[in-house]
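Respectively, the protein sequence lines represent chains A and B. Just add 1248 to wherever you are in the first sequence, counting from 1, and you've got this note's numbering. Just add 1 to wherever you are in the second sequence, counting from 1, and you've got this note's numbering.
For the record, the hints were derived by calculation from the structure and aren't laboratory data. Some hints could be false.
A partial selection of chain A residues facing chain B, derived with a Cβ cut-off under 7 Å [claimed, not checked]:
#1 F1301
#2 V1306
#3 K1322
The list that follows gives simulated cross-link-like pairs (lysine-lysine, BS3-like), each with its CA atoms no further than 27 Å apart [stated by the list, open to error]:
#4 A:K1303 with A:K1286
#5 A:K1288 with B:K87
#6 A:K1326 with A:K1286
#7 B:K87 with A:K1326
#8 A:K1288 with A:K1321
#9 A:K1339 with A:K1326
#10 A:K1286 with B:K87
#11 A:K1384 with A:K1288
#12 A:K1303 with B:K46
#13 A:K1321 with B:K46
#14 B:K87 with A:K1303
#15 B:K87 with A:K1384
#16 A:K1321 with B:K87
All residues carry an ideal CB built from backbone N, CA and C; glycine is no exception.
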Amino acid sequence: MGFRSFLHRLTAPRPSSRPSSTSVKLVCVVNQGLKMGKGKLAAQVGHASVEAFLKSGVSHPHHVEAWLASGQKKICVKVPDDQTMNAIQVKAQQRSIPSLIVRDAGHTQIPRGSQTVLALGPYDEEALDLLTGDLKLL
Amino acid sequence: MSSTDNAPTMALIVREDLNLSTGKTAAQCAHAAVEIALVARRQSKRLFQGWREHGGRKIVLHAENIQALDEIVADIAHGIVWHLVKDAGHTEVAPGTVTVLGLLGPRRSVDRLIGHLETL
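Bound-form chain A, shown alone (with noise of 0.2 Å):
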């Protein structure tokens, strides 16, 4: 996509993916199964978030605008396994919120295509809440 197209997407009116709320966060869902080292998960959410950024960038330019201006509010939370990932993504999917898998490349600690990391948004804190309020933090 050239400079201007990205441009006037991001400035195009598209009211139906406005922030609803004036909080807007980004959550990093760690898949605790895999044990990763405290570098591994580092870069995995480094990952997950450029990742979260550039395609909702696309998809929910408000949000993305709204998280950026807002000091890109990011927590991290886990879960045990790539099940509960799974059921939380569906959930997410379900309610249009921007979501995505991490599979790593496996250079190192963990087999290939491993989901490390599901990010959700930049979008509605409320909105994320409901589907993450309930994992414990990293």
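Once you have looked at the hints, place chain B on chain A.
Chain B in isolation, oriented as in the chain A frame:
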């Protein structure tokens, strides 16, 4: 030498003297990664695209304290996009504390800056 040997790499350097929790460390690194991606996309499109095409390679390391980060910043060469994350101070550290230094550049230039550091 293949082009992947010098493919753009992002290095995220965490201050170890702050003893950040795993979740806080991850969030601060993510902040650096997003910020650098934003700046690189604007200022250095080729670097940004090269980095994306090679899988968005990232490496996380640690450095002793703020002086160690400052020394790296002083050595940063032209062509490297970098960012110091200053925390808002909602949790764990005081507002304005520098937590992570992020760098994005050709692998060899980045390796020269971080060669003395250990991975986290």
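Verification of the hints:
Taking 7 Å as the C-beta cut-off, the interface hint given for F1301 of chain A holds, the closest approach to chain B being about 5 Å. Residue-level restraint check for V1306 of chain A is violated (minimum Cβ-Cβ distance to chain B is 13 Å; threshold 7 Å). At a threshold of 7 Å, the smallest CB-CB gap from K1322 of chain A to chain B is about 5 Å, leaving the interface hint in force. Our distance criterion of 27 Å between C-alpha atoms is met by K1303 of chain A and K1286 of chain A, whose separation comes to about 26 Å.
Taking the CA atoms of K1288 of chain A and K87 of chain B, the gap is about 22 Å. The hint holds against a cut of 27 Å. For the given pair, K1326 of chain A sits about 13 Å from K1286 of chain A by alpha-carbon distance, which is consistent with the 27 Å threshold. Among the hinted pairs, K87 of chain B with K1326 of chain A is consistent with the structure: their alpha-carbon atoms are about 25 Å apart, no more than 27 Å. Taking the CA atoms of K1288 of chain A and K1321 of chain A, the gap is near 21 Å; set against the 27 Å cutoff, the hint holds.
Between K1339 of chain A and K1326 of chain A the alpha-carbon distance is near 17 Å, which keeps this suggested pair within the 27 Å criterion. Only pairs whose Cα atoms come within 27 Å are accepted, and K1286 of chain A paired with K87 of chain B is accepted, the gap being roughly 20 Å. Restraint check for K1384 of chain A and K1288 of chain A: the C-alpha separation of about 20 Å stays at or below 27 Å, so the hint holds. A hinted pair counts as satisfied when its Cα atoms are at most 27 Å apart, and K1303 of chain A with K46 of chain B qualifies at roughly 17 Å.
As the CA atoms of K1321 of chain A and K46 of chain B are separated by approximately 26 Å, the hinted pair is consistent with the 27 Å bound. Between K87 of chain B and K1303 of chain A, the direct Cα distance comes to roughly 25 Å. Compliance with the 27 Å bound is thereby established for this hinted pair. A hinted pair counts as satisfied when its Cα atoms are at most 27 Å apart, and K87 of chain B with K1384 of chain A qualifies at roughly 25 Å. Annotation: proposed proximity of K1321 of chain A to K87 of chain B holds, straight-line Cα distance about 13 Å (limit 27 Å).
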